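Could you fit the two chains together into a complex? Lean on the hints.
Here's the letter readout for the chains.
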Amino acid sequence: MRLSRGFVLFTTSLFAGDLLAGSLEVIVKDDKGRSVSDAVAYVAAGGAASAAPKKQAVVDQRDKQFVPYVMAVQVGTAVSFPNSDNIRHHVYSFSPAKKFELPLYSGVPAEPVVFDKVGFITLGCNIHDWMIAYIAVLPTPYFQVTRQDGRAVLKDLPAGQHTVRVWHPALKGQPEGFAQQVVAGSGTKSLMFTLPLKQDVRAKRAPGLTSGGYR
Amino acid sequence: MHTRVTLNIVLLILLSSFARAEWRFEGETGMVYNSNLSNSDRSADVRDDWAWSSDVGASNALQLTRDLRLNFGADLRGERWDRFGAFNTIGPGATAGLRYRFGLGRQAPWVLLEDRFGYDRFQDTAQSGYDNVFNFQAGIALSDRIALEGGYAFESFVAPNDFYDRQLHRVNANIVFDVTSSLQFTAGYIYREGDVISYAVPPRPDIARFSIEREDEDEFGQPLRTAYKLLGRTNAISVSAAYQLTKYASLQIGYEYAVTVHDPLQYENHIVSANIAVAY
Chain A
569 MRLSRGFVLF
579 TTSLFAGDLL
589 AGSLEVIVKD
599 DKGRSVSDAV
609 AYVAAGGAAS
619 AAPKKQAVVD
629 QRDKQFVPYV
639 MAVQVGTAVS
649 FPNSDNIRHH
659 VYSFSPAKKF
669 ELPLYSGVPA
679 EPVVFDKVGF
689 ITLGCNIHDW
699 MIAYIAVLPT
709 PYFQVTRQDG
719 RAVLKDLPAG
729 QHTVRVWHPA
739 LKGQPEGFAQ
749 QVVAGSGTKS
759 LMFTLPLKQD
769 VRAKRAPGLT
779 SGGYR
Chain S
399 MHTRVTLNIV
409 LLILLSSFAR
419 AEWRFEGETG
429 MVYNSNLSNS
439 DRSADVRDDW
449 AWSSDVGASN
459 ALQLTRDLRL
469 NFGADLRGER
479 WDRFGAFNTI
489 GPGATAGLRY
499 RFGLGRQAPW
509 VLLEDRFGYD
519 RFQDTAQSGY
529 DNVFNFQAGI
539 ALSDRIALEG
549 GYAFESFVAP
559 NDFYDRQLHR
569 VNANIVFDVT
579 SSLQFTAGYI
589 YREGDVISYA
599 VPPRPDIARF
609 SIEREDEDEF
619 GQPLRTAYKL
629 LGRTNAISVS
639 AAYQLTKYAS
649 LQIGYEYAVT
659 VHDPLQYENH
669 IVSANIAVAY
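Residue numbers (our numbering), protein chains in the order written: chain A, 569 to 783; chain S, 399 to 678.
Treat the hints as calculated values from the structure; they're not laboratory data. One thing to keep in mind: the hints can contain errors.
[Said to hold, decoys possible] Computed, partial: chain S to chain A, Cβ under 10 Å: (1) Asp465; (2) Thr523; (3) Ala640; (4) Gln650.
[To be verified] Listed next, with one range per pair, are the computed distances between beta-carbon atoms: (5) A:Asp628 with S:Arg422: 17 to 23 Å; (6) S:Ala585 with A:Ser603: 31 to 37 Å; (7) S:Ile674 with A:Asp631: 17 to 23 Å; (8) S:Val569 with A:Ser603: 17 to 23 Å; (9) A:Pro671 with S:Glu613: 56 to 62 Å; (10) S:Tyr641 with A:Ser652: 26 to 32 Å.
None of these values were measured; they are calculated from a predicted model. Backbone N, C-alpha and C define an ideal beta-carbon position, used for all residues, glycine too.
Isolated chain S, as found in the complex (with noise of 0.2 Å):
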């Protein structure tokens, strides 16, 4: 009796909770170029691709106290790649997050824990799969135009096929500009360490010797290429600039350079992307 009327209680909260909560949808939409697909050393293996890359959702930010705020929304994305086709993705994912606030407005340090839950559909579906990203984050603004913003999150992905299992540790820190109104700059270093998967021509005994995994694949074409499951470290830097279209859209730009090491074997990745953004 005494537990019936406590969970009636609980669920007359949680509606009067969704009651006043409060809706967020958003949608981004363009273009990604990545001058390395392949996570390749040698520039002969190098493949690059650009991609047309979606996300749309909805989200909801409930206020619980002053300080603290449950996010939680769902969200589908997908991409869609010019050349490699084995690579487009589609896939649903749910996130939940809190955000605690020391104190009021926006100049206040914040701290996020939040995760993502998603599913991954490959064309190639042998690479489809689950994935889950635990993110902690925190923030604090310098000025009314600076904020330092920094975080360490848990990457994992499971495939029914476990040669794609991945885990990846990621460290960040941003740097965010308001030049004006209308424009924001960032930028950013990001420390990545974990496994990463590189396609290479065989024979590559040098890479053989210390992958975890290898697999034969035709994602990239003949030749046939063997992809090298292995562990890297990431040491990437980021710039991206938001120019405010609209009260409700954005243009975003944005460019990663990425070095990833795993002795002997090093590669690069030029990421550029180009987005619309919305946001109601």
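The following block holds chain A by itself, in its conformation from the complex (with noise of 0.2 Å):
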């Protein structure tokens, strides 16, 4: 009796939360109209920080580029900087959340590196100057990186008021500043962010007028 009274506990939590859970989809545009990718959408709060991060998480370099090029993951979780280039890579961060470097290597260093801090990170290479990436460091396990139809989906998202903010790695300005209200329920809402975008300047591998990444 003790048993099944449990059992019909946890169904009903079970089945209360699935009913309350809802998606988000953003929709991330510049202010031009054009979609954009590579934009972080996430919950900046709202019942998220009892979730564990999830384990680990991957930032690969191929063909002398990081892949992908922006990645968001929950604070608290540690990332590998696997090298798949039969050629060394040292990979460095300046950045306040994160500064850390791991010095020319090959194949996959032996510790991962933990992000412990909120705050977005630039990776770079000190052999490619081309080689730039993105890891958005947040303090809650809903969000999602938009595709290149400018598109992200927030799941399982629990019911109740959050504030959704945007990141990109081009963005003028602040995600506060963009922040939107969204209630959740059952369902799929949809949030559109515009966002104004800074000139992208990325170190060019193509030859440029000086030697580059190679002087």
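Structure below.
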């Protein structure tokens, strides 16, 4: 009898959660109306802190580029930086939220890097100056990076009011300036963000007028 | 015995370094136009021409420490002029350089010491010879879009025919501006001081008086001209742009306006170039 009552309580809470959880589609465009990929849509606050971070994430280095270009992780996540090229890379970050350096290496570094502070991290390679990537370290498990069509879906949002923000490497200003409120419940809702973006001036891999990364 | 062990250790280190070395293949082809190929001061003597210019090379970037990189490579360069074939040239070269960067990342200041030694075979074989360029350059990024570069170079050319021996000091300063992720502009200033060869239809007692050497030449056809070797000072400004076509290729165009003086001689060159450059 005790066992069956516990089972009923468990299944009730499970179904209640399902009923209350909702999805949120975030659509990101720039101020010219073009779809923006590689934007991070995330819930700024709201019942997320208790969720445990995903165990490990990976930023690979392939064909002298970081893959992916933009990644989002929950604070506390360990990120490994395998080098899939047959040459050496030297990964570094100057960002206040995580300063680190993985000096010249091939293969997989022995230890992943734990991102234990919320913030936006810029990665670089000291050998190949055009290699650049970003990690958004977030206090929530509810995030997604937009695809080529500028869309991202935040799934299983707990019912209630949430503040949703969007960040992009070229964003003019802070994500707080582009926050929107949404009340999550059953079903899928949709939010549209229009972001002002700075000119993309990433270092070039093709030959430039100086010797660039090979100087 | 001790020497042999040391040599073996050095050899092992070098072999392991080569195994980790990173090769880069580069090529460039396009046209160059020189409004005054003859470096003449009188308009009647001025001869302009354009050439196909190509350069292919392989180089190696060997990171010795976090901040120090050894670059070495080899290349083959050539120019084929449309009208004045005597200036057609082809030749191999080898480059070695050390770059030190004061910190991590592309915005860190850097210095480069580099030397290129090569052979230039001219169609007019009397001009052929060995050239050596010692180059010191330094750069610093002012922001993620703007960088400054500058340096000093010493160029020397040694030919079996001493008349074509030349030495030149060059100082340059450039500003590099990344307009977008695909478009880069530079503007620069160059000062050169050293031997120049100026062609003129004789008689030119005014030039002959202060020329180091002179020879009668037929590179520009009839009438025969006299080539005067002079010590000249050149002030030049340049602008150039590179547009990234693909991940590995870019289109580069450039313009240089140069004024060379050795009182009372003064001549101007307008040099325009357009190239496709690839790197892998």
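Verification of the supplied hints:
no.: 1; hint: Asp465; in the structure: holds, 9 Å
no.: 2; hint: Thr523; in the structure: violated, 32 Å
no.: 3; hint: Ala640; in the structure: holds, 5 Å
no.: 4; hint: Gln650; in the structure: holds, 7 Å
no.: 5; hint: A:Asp628 with S:Arg422: 17 to 23 Å; in the structure: holds, 22 Å
no.: 6; hint: S:Ala585 with A:Ser603: 31 to 37 Å; in the structure: holds, 36 Å
no.: 7; hint: S:Ile674 with A:Asp631: 17 to 23 Å; in the structure: holds, 22 Å
no.: 8; hint: S:Val569 with A:Ser603: 17 to 23 Å; in the structure: violated, 49 Å
no.: 9; hint: A:Pro671 with S:Glu613: 56 to 62 Å; in the structure: holds, 58 Å
no.: 10; hint: S:Tyr641 with A:Ser652: 26 to 32 Å; in the structure: holds, 30 Å
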